[in-house]
Each structure stands twice: as C-alpha cells, then as structure tokens.
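So the chains spell out like this:
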Amino acid sequence: MSAPSTASSAVSKAVVYLVLVVCALPVLFPLYYAFVGGIMTPGDLASYPPNLVPTAIDLGNYSSAMETIPLARQYLNSAIQTGIVTVCQLASSVLAAYAFAFLRMWAKTAMFGLFMVTLMVPWEAIILPNYLLISDLGLTKGPLTYLGLTLPFLAHAFGTFLLRQSFLQFPLEVRDAAVMDGCGHLRFLWRILLPLSKPAIAAVGVYVFMTTWNQYFWPLILGNDDQYKTLQIGVSMLNDAESSSPTLILAGVTLALLPTLALVVFGQRFIIRGLTSGAVK
Amino acid sequence: MRARTIRRRGPTGEHRLSLLFLAPSLIIFTIFVFYPLGRTFYLSTMGTDIIGRANKFVGLDNFAAMFGDPGFFKALGTTALFVLFTVVPGVVGGLAVVLLLESRIRGQRMFRTVFALPFAFSVATASVIFALIYNPAVGMANGVLSHLGVDRIGWLTEPDLALISISITTVWMTLGYNVLVLSAGVGAIPVEVVEAARLDGATGWRLHGRITVPMLSPQLFFLIVISTIHALQSFGQIHILTKGGPDGATSTLVYWIYEKAFSYGSSDFGTASAAAIVLLVVVLVCTGIQFGVLERRVHYR
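So the protein sequences, as listed, match chains H and P.
Counting in the numbering used here, the first sequence runs from 254 upward without gaps.
Counting in the numbering used here, the second sequence runs from 195 upward without gaps.
Just so you know, these hints were derived from the structure itself, not from any lab.
Certain hints may be false.
Derived pair list, reagent style SDA-like, types lysine to any residue, alpha-carbon separation capped at 20 Å [to be verified]:
#1 H:K266 - P:L294
#2 P:K437 - H:K394
#3 P:K437 - H:K361
#4 H:K266 - P:R303
#5 P:K250 - H:L386
#6 H:K394 - P:R247
#7 H:K266 - P:R306
#8 H:K361 - P:R210
#9 H:K361 - P:D255
#10 P:K437 - H:L473
#11 H:K266 - P:R298
#12 H:K361 - P:R306
#13 H:K361 - P:H209
#14 P:K437 - H:L386
#15 H:K266 - P:K250
#16 P:K437 - H:K266
#17 H:K266 - P:A290
#18 H:K266 - P:A396
#19 H:K361 - P:I221
#20 H:K266 - P:L293
Chain H with its partners taken away, still in its complex shape (with noise of 0.2 Å):
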C-alpha cells in the first residue's frame, strides 16, 4: 500500500519514463512523417537530409494526390467494401453464434468442428482458386467488382465465436421467462439479446471492419480498373508513380490511414476485447 519514496526509486521511475520516451520516438516517427510530411513543401523533404520541421505549410499536397490518383473514388470503394462486409459477417455471425448458443443443433459438434476448420485455413493458400471463380464469375469488372471484393467475407468463424462466447454467459432464465412470454426466437434475437450484448458487437464490428479496410493481397489481384481499385491499393500505386514526391504520398497516406486511426485511439476497448479474446480467457 505505502510506496516507498526513496531516492532510488525516484532515480529508477526517471529511468523507465527516459526508456518510455525513447522507445516511444521510433514508434510515433512514421505517424509523425505522415501527417507533418503531408502538409511540408516538397522542398522541405526533397532536400538531402530531408528537414523534420515544415518551413512552410502545403495543404496542395492533397489536391495533387487526388489528381494523381482517383482517391475519393477509392475511398468511397473502400467505405462500400467494408461496409458490405462489416454489416453482412456481423448478420451471419450472430445468427449462428444464436444457434450454437442457444439451439438444438444436429451434429452440433461437428458443425462447430467446420466452423473451426475455416478458421485454420490460411486465406494465401486459398486464394488463387477463389480468383479463378471470382474472375470467372466476372466478378473483376465494373461495378461488379463490389461483390468480386466482398462476397468472400460474408461470413467469418471468428466472430461467430466471438459471439457465441459473449451469448453463453446471457442468463437462461431471462432467455426462458421471454420465451414462456411467447417471444419468438427472432424477437428475442433482435429485442432482448443484441441490445444487451452491444460490447461483444463493437468489438466484432471494429475487428471486421479494420481488416477489412486495411486488406492489401484480395483487392489488388482484384482490380484491373483504377475506378474500382480500393484505397489501400490507390495508396500503393501513388507511391509508385510519384515515387520522387514524398509529401504528394505522405498525403495520400494519411487520408487513407484516418479512418483506422480514429478507430484506435477511440475505440481502443472494443479493439482489445476483440483481439484478445484468443488469448486471454
């Protein structure tokens, strides 16, 4: 309870924040690089060594990545994207979290035994065929490559699991009293239960919805066509055609990262709860 004052550990706590703080420039550095880059003159980083400090502010920076890039095409692509997705694997999550939690199931092992199976099959080693059905859907072209994007992450294991977890601790004898009240199983789902498990949907919701956004393999084997491409891929190919105007990148790159970061500064919670619940029991 009492801490002990002493020099020494006045000395030791010094030396943990120095550590902190060193450890802490590294990590901060590229953020930083990206949003004081994205607003610097492209002198002030074009010269050798390149300044840390704008001498000048150059919001152009943004405009020129625009037109470089169709990126508020591409953003809006990338908002349809994880939208179809975090909305659709949300749905199909929780109806089958609520069967494996709450429902007579045949062979319920066994299906949770597939479930788990999907859950191990790393999406690199699958991907070539679902190119091949994608692209021979025609699902790589126009429009239709929303769905050629989306389609393959309707569903997901992990936050059916997620769920399920958070459905079996809801009290049975609440679930009971609705259902001897004559609430349907669609009633309760919707009335009673997701309101009450709003935490474990936030963190399956901000889980899906920054891998989603954040995907890199899928969209870029994808795309053919500039106006379908998503943000993440706009980014990439900005750094490959103005390779020699770092604010013009550093640019791009921030608008694409603010969405994610919002997410984790302020929804570090639902962040944690979702990632953890692997690890941590």
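Position chain P relative to chain H; hints supplied.
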C-alpha cells in the same frame, strides 16, 4: 401468431431453425473456403495454359518442378529468416514495453495508446511510409545517419539488408498488437497474486521475473504462434517495398506463390498451387501446436 409458431416448434423445428441460422455462413464457407481448398489440390496436379487455365493432368509434375527449383528453397529459407527476424523482436519488444508500463508510472494509458497506434496502419500505408523512410535519396533513415556522418545505405537494395529492413517495418506494425494482448494479460493477473508476492518482498524486475512473466506465458505463447502464422502469410510489405528483390532476396513462400501465378508472363497456377499446399501444411502445423498446447492448459485447470 409468431409466438404460437415458436411454441409449436418441437425439437425438429428447432433443428431446422438452427440450420437456417447457420446457412449464410455455411454457404459462404462452402463456396469460398472448402471448394477452393479442394480446387487447390486439384490445380496442383494440373498443367496450365498461357492464361492459367488448367488443361491437362500432370500428376506430381508440379511438385517435382517446385522441388527442382532452387528459387523455391531459397524462398523457404527466406521465409524462415523472416519469421525469426519478426517474431522474436516483436514478442520480446512487446513484453519489454508492457513490463515498463507496469512500473506504476503516471501516463500509463497514454503510453499504451502510443504503442498501440501502429496497429491502425494497414500493410499498405505502413509499407508506403517505410518505402519513403528507406528511400536512398530523400529518405529519413539516411537523413538521420548523415547527421552522424554515415554514408547513404541502400536499405532495400542491399541483398543482405533488404529482408532486415522489411522485418523492421513488420515489427513496427505488429508491436502495437503485441502490446495490446500482453496489456490485457497483465490486467487479468489476479491482484492477490501480485500483492502476495509484494508482501514476500518481491519488487521491480524480480517481481516481473517471478510473477508477471510466468503469468503471461499463455499470452506469450499465443503471440508467438499468431505472429509466426502472420509472418508466414505476409505479402503486402514485400510487394510494396521490394517486389521480392533484390535478386529474390526477399521473396518469401507467399511471394513466390504470387509471382508464379500473377507476375508478368507467368500464369503457372499449377506450381503455385503446389506451393500453396506447402503453405497450408506449415500453417496447419503451427495451428496444431497451438491447439495442442492450449488443450493441455485447459486440462491442467
């Protein structure tokens, strides 16, 4: 009305309803996981034409071609090195940060958020930023070194250095996740355990060595397995930073698969599928180890 239907549902009705609820997931899994899984094995036994269509059965020829390709073994070696260079520093670094944060200091939350920030970066945004940092002409890495009087370094063009540079980027990206997982683990350590150890006179690093780190062993183990699996699957940072170069020095297994299937002039889905099976087996072995150990841990309780 609805209430009565529900009440009338016997066990059979509930079975049917549960199948209905599972249907969306099962349909997606069948089309986009199980069917492609089978097709990977099928493709690995097929030759492909110029645009990657399977056209004839070739038995194990694709595997022979793969194992006969020195580039494949080089990619396996690169993958192993990449795992080593990212998993060890990532987990050790994450642990060090979390233990430092546990020193009952002020601003703990703020520091934790700072260290978690890289988690917001996608592989594309992080890699593009590091591409600029490593840029030999205008990059910050050489800029800082020049202040120390060190000559320019080709971070991504030196064959011996490129993989390390990519690993640094990867560790930077994953550190935040490791910190979040380990912080949650520290939070789950029962207060009584820590207090009892303190009463016994354990403080500072001795407390960490005797109590915190052993209590974190499940999380550490989880992180080692998960980071290994993630490292095995890494693609974006290699594609953006080096395209597998210089001279194949950073071409990992996944990148090798990508090149076989998608790089210019090559649509060799057969050999690529054979390599995908190797990837599948390696990842499954890692997952198997994880489940095996976790299972035992549950039994100990």
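Outcome of the hint check:
1. Of the pairs offered as hints, the one joining H:K266 and P:L294 holds, with about 10 Å between alpha carbons and a cut-off of 20 Å not exceeded.
2. At roughly 26 Å between alpha-carbon atoms, P:K437 and H:K394 are farther apart than 20 Å, so this suggested pair is violated.
3. Distance hint between P:K437 and H:K361 is unfulfilled; the C-alpha atoms sit about 45 Å from each other, more than 20 Å.
4. With a C-alpha separation of about 16 Å, the suggested pair H:K266 and P:R303 falls inside the 20 Å cut-off, and the hint holds.
5. For the hint pairing P:K250 with H:L386, the CA-to-CA distance comes to about 19 Å; that is within 20 Å, so the pair holds.
6. For the proposed pair H:K394 and P:R247, the alpha carbon gap of about 19 Å is at most 20 Å, so the pair holds.
7. As the CA atoms of H:K266 and P:R306 are separated by approximately 17 Å, the hinted pair is consistent with the 20 Å bound.
8. Simply put, H:K361 and P:R210 have alpha-carbon atoms about 12 Å apart, close enough for the 20 Å limit, and the pair holds.
9. Using a Cα cut-off of 20 Å, the hinted pair H:K361 and P:D255 is violated, with the two alpha carbons roughly 41 Å apart.
10. Distance check on the hinted pair: P:K437 and H:L473 sit about 14 Å apart at the alpha-carbon level, within 20 Å; holds.
11. A C-alpha spacing of about 9 Å is found between H:K266 and P:R298, which places the hinted pair at or below 20 Å, so the restraint holds.
12. Restraint check: the Cα-Cα separation between H:K361 and P:R306 comes to about 41 Å, which exceeds 20 Å; the hinted pair is violated.
13. Using a Cα cut-off of 20 Å, the hinted pair H:K361 and P:H209 holds, with the two alpha carbons roughly 10 Å apart.
14. In summary, the hint linking P:K437 to H:L386 is not supported, as the alpha carbons are separated by about 26 Å, beyond the 20 Å threshold.
15. With a CA separation close to 69 Å, the supplied pair H:K266 and P:K250 exceeds the 20 Å bound.
16. The straight-line distance between the Cα atoms of P:K437 and H:K266 is roughly 45 Å, outside the 20 Å bound, and the hint therefore fails.
17. Under the criterion of a C-alpha separation no larger than 20 Å, the hint pairing H:K266 with P:A290 is consistent with the structure, at around 15 Å.
18. A hinted pair counts as satisfied when its Cα atoms are at most 20 Å apart, and H:K266 with P:A396 qualifies at roughly 17 Å.
19. For the given pair, H:K361 sits about 17 Å from P:I221 by alpha-carbon distance, which is consistent with the 20 Å threshold.
20. In summary, the hint linking H:K266 to P:L293 is supported, as the alpha carbons are separated by about 13 Å, within the 20 Å threshold.
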